[in-house]
Amino acid sequence: MAGVVGWVAFQSVSPTVSQSDTLPGAGPTGKLGDPQRAGRPLEPVTARDNLAAIQAIEKRLKCTCGCNLDIYTCRTTDFTCSVSPALHQQVLARYEAGQSGEQIIAAFVAEHGPAILMAPPRRGFNLVAYFLPSVVVVIAGVLLTLALRRWTRLAGDRPAVAPAAGPPASPAELERLRHELERIDA
Amino acid sequence: MTLLGGSALWLALLLGVWGAIAGFAGGRTGRPDLQRSARHAVFAMCAALLTAVFSLEWALFHHDFNVEYVAAYTSRNLPTFYIWSALYAGQRGSLLFWATVLTIFGSLAQLLTAGRHRVYLPYVAAVTTVVAGFFVCVMLFAANPFDRLPYTPLDGRGMNPQLQNPGMVFHPPMLYLGYISITIPFAFAMAALLSKRLDADWLVAIRKWTLLSWLFLSVGICLGMWWAYVELGWGGYWAWDPVENASLLPWLTMTAFLHSVMIQEKRGMLKKWNLALIIGSWLLSILGTFITRSGVISSVHSFTQSGVGYFFLAFLVIAGVTSFTLYAKRLPLLEAETRLESMVSREASFLFNNLLFVGIAFSVLFGTLFPILSEAVRGTKVTVGPPFFNLVNIPLGLALLLLTGIGPLIAWRRASLPNLRRQFAVPSTAFGFTLLMLLVVGVRDIGALLAIACGGFVAGTIAQEFWRGTTARHRQYGESWPLALARLVGRNRRRYGGYIVHAGIVMLFFAFAGMAFKTETEATLRPGESATIKSPYGWTYTFTHLGISQYDALNRLVTAGTVEVRRDGKRLGLLTTEKRQHVDALGRSTFEPSTEVGIRSDLREDLYVVLGGVVNGSEQAVYRFTINPLVWWVWYGGMVVALGGLVVMWPGGGVPAVKRAQAGYMVKLVGKT
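Respectively, the protein sequence lines represent chains Y and E.
Read in order, the letters of the first sequence correspond to residues 643 to 828 in the numbering used here.
Read in order, the letters of the second sequence correspond to residues 31 to 703 in the numbering used here.
These are computed hints drawn from the structure, not numbers from a lab.
Any given hint might turn out to be false.
Straight-line distance between alpha carbons at most 25 Å, and here's what the computed BS3-like set of lysine-lysine pairs gives [to be verified]:
| no. | chain 1 | residue 1 | chain 2 | residue 2 |
| --- | --- | --- | --- | --- |
| 1 | E | K296 | E | K238 |
| 2 | Y | K701 | E | K226 |
| 3 | E | K564 | E | K548 |
| 4 | E | K548 | Y | K701 |
| 5 | E | K411 | Y | K701 |
| 6 | E | K226 | E | K411 |
| 7 | E | K226 | E | K238 |
| 8 | E | K238 | E | K302 |
| 9 | E | K411 | E | K359 |
Model, not experiment: these values are computed from the prediction.
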């Protein structure tokens with residue numbers, strides 16, 4: 643494992659994406675014989691579409707087309723969807739108007755309801771969803787620990803069987819015994 | 031042929047009803063003629079359902095588009111490979127597939143069960159025929175695969191493009207086989223409860239079945255992840271979709287059972303818990319089907335939704351109430367034979383392991399159903415997506431991973447302090463060393479740090495167990511190292527097969543940790559233009575758009591974008607990604623254009639390229655470039671898990687269960703004298 647970890651050697655903790663056109667505007671741009679089969683015509687991607695802040699906001703908001711994906715994933719995956727590009731434009735417009743990420747998200751929630759969020763907001767009844775599983779596991783763990791203590795105490799109350807006296811075993815015999823016990827364990 | 035298929039379904043229903051009556055009555059009265067008849071009913075039901083499958087496949091291969099199912103899921107130009115898999119591409123066919131496989135498994139259980147467990151078989155036949163009969167009922171009254179159209183279309187609609195992938199040929203049947211085969215352990219559990227024979231015998235009878243079911247579920251889930259990754263194009267393999275969650279639930283409880291059953295076999299404890307796990311796993315497999323079929327929760331698997339979900343809901347409720355009522359009645363017969371001797375013992379660690387497995391299952395189930403709960407209680411619709419599931423389940427998953435390494439280090443019955451020191455030294459060192467290495471190379475993501483460091487701990491445990499076992503054989507028998515290792519595994523398949531599974535789980539967690547470093551960007555490129563993206567390893571990848579080509583294939587019109595890939599200036603090769611417009615034999619478009627991803631995979635990271643489309647009908651293309659670190663480890667981790675499962679299942683090798691039971695009995699006698 644250590645070798646693998648050493649080999650992995652992540653050099654960047656928060657990788658940055660840099661995109662640049664090495665040959666801007668160069669190259670022939672022929673027309674396709676049948677553009678229809680390439681799907682819906684797309685607009686060129688701009689640098690602002692790739693902003694990390696925009697990605698982060700859109701990954702918290704659900705596309706309303708029924709795909710179950712967030713806006714960013716839907717618009718960069720389901721290229722037949724016309725809803726996620728429209729929602730993306732709304733996010734961009736609000737971002738460029740100077741709204742913060744939280745403000746943009748609050749505006750989307752006000753417009754579409756809390757179902758627009760990819761995870762329920764951490765307040766009110768939703769806290770049940772966030773904490774109940776962990777609380778149940780913790781309570782069950784405490785109860786299990788108490789039950790185990792009780793069981794082990796009950797087992798301890800039973801009279802112990804005195805080990806039979808006999809000649810001490812040799813190391814070889816002990817190793818053989820350990821091996822046989824392991825075999826039975828398996 | 032469809033008349034034959036439809037008749038075969040009715041015959042199967044009648045046989046199912048008779049099998050259930052004869053099985054329950056034969057088991058209760060002990061009449062051999064009824065018992066024999068129930069057994070024969072399972073075989074006959076299997077034959078009837080196989081006839082129905084043959085009829086449907088006949089209709090599919092002969093393009094009988096008057097049959098609604100054939101017209102809905104195939105077309106004349108669908109590749110033969112996928113015509114076969116159209117059997118389970120739609121809901122009606124998959125119900126038929128389910129019922130048929132269940133009766134095949136039921137027949138095998140009747141044929142292969144050893145003589146001393148045959149007392150359970152009448153009840154097993156009854157439960158099998160009841161469950162299979164339910165599926166036949168759903169088909170006959172709500173989703174008949176042999177329904178005909180009032181007209182005959184010239185061609186069918188064809189198969190959903192996302193299903194035209196080799197992964198989809200194997201993923202659904204594997205998952206179905208996992209779900210379906212849980213019915214056999216469940217049937218034995220019901221038989222044990224009904225016959226009041228609740229000793230360890232029924233556990234021995236179901237051991238292979240539980241492993242088989244777990245193995246099918248594991249392989250099915252991994253294939254599903256692979257399909258999602260290569261076909262859906264969103265750049266990941268697990269999205270916490272309700273249907274994905276539904277497949278995970280029985281896997282979690284079955285895995286818990288595979289651990290806790292060892293305690294019952296060795297110590298005669300946890301009888302109630304093990305029975306509850308088997309019943310719960312089976313109910314979860316039906317719940318999974320309900321979630322998949324009903325559309326009650328929004329899912330990407332929307333192609334499977336229909337009204338039959340409510341049949342499943344009713345069946346789920348009736349089956350749950352019946353089985354747990356019976357279980358409650360038998361509780362006095364399920365007392366433990368021995369007691370736990372120490373808090374620090376293998377038994378105690380397995381109990382905490384079970385707690386976490388069931389806790390995660392509860393968490394996943396609760397999260398999946400929470401949108402319904404929220405709407406019912408507060409009238410508020412909410413979405414429970416990946417951010418929620420990751421937040422809630424990652425801590426539980428990491429605790430479980432750590433226990434995977436701790437469990438094997440603690441002795442059965444009671445562990446002493448010197449023993450613990452000796453056992454924990456190597457794994458703890460591996461944990462510390464791994465953590466240190468990660469910090470030194472600059473990893474700061476807490477989830478990834480803990481996942482890989484805990485993986486280091488588990489790997490340390492596994493390596494130590496193999497090393498000690500092999501060394502002992504090498505010293506004791508003078509065997510060469512490879513022979514000692516082979517014999518160690520061969521003669522203790524259950525134990526060392528289990529360790530191989532654990533190694534696979536470590537690989538999977540290692541892969542999951544890698545997704546914390548996923549990097550992606552979009553770019554619009556003219557031919558000759560390039561986009562660059564920096565990988566988490568510090569390399570710079572350059573993707574140069576070479577151009578767009580369009581051509582016709584068997585059942586699709588393809589638009590392919592090709593990019594040249596360079597890493598730090600060194601050419602790695604070409605990647606092609608496609609948009610596919612599927613058409614029927616008459617050239618009519620059948621579905622929206624779909625995307626085929628271009629992937630270059632190695633041990634360190636995957637380059638994942640998606641052609642989004644083109645600008646103004648020109649060769650100027652919109653691409654999404656994603657770098658997914660460590661994805662390779664998911665697929666190979668899954669293979670290692672499956673390999674470990676096969677080693678555990680392989681016949682022979684270990685000390686037979688009877689001998690183990692005898693050994694335990696002898697130990698008890700010695701203790702009492």
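Verification of the hints:
1. E/K296 <-> E/K238: holds, 17 Å
2. Y/K701 <-> E/K226: Distance of about 54 Å is beyond 25 Å: violated.
3. E/K564 <-> E/K548: holds, 11 Å
4. E/K548 <-> Y/K701: Between E/K548 and Y/K701 the Cα gap is close to 14 Å, so the pair holds against 25 Å.
5. E/K411 <-> Y/K701: Given pair E/K411, Y/K701 holds - Cα atoms ~19 Å apart, limit 25 Å.
6. E/K226 <-> E/K411: With a Cα-Cα distance of about 47 Å, the restraint between E/K226 and E/K411 is violated, given a limit of 25 Å.
7. E/K226 <-> E/K238: OK: E/K226 and E/K238 at ~22 Å, within 25 Å.
8. E/K238 <-> E/K302: holds, 20 Å
9. E/K411 <-> E/K359: Status violated; Cα separation ~40 Å.
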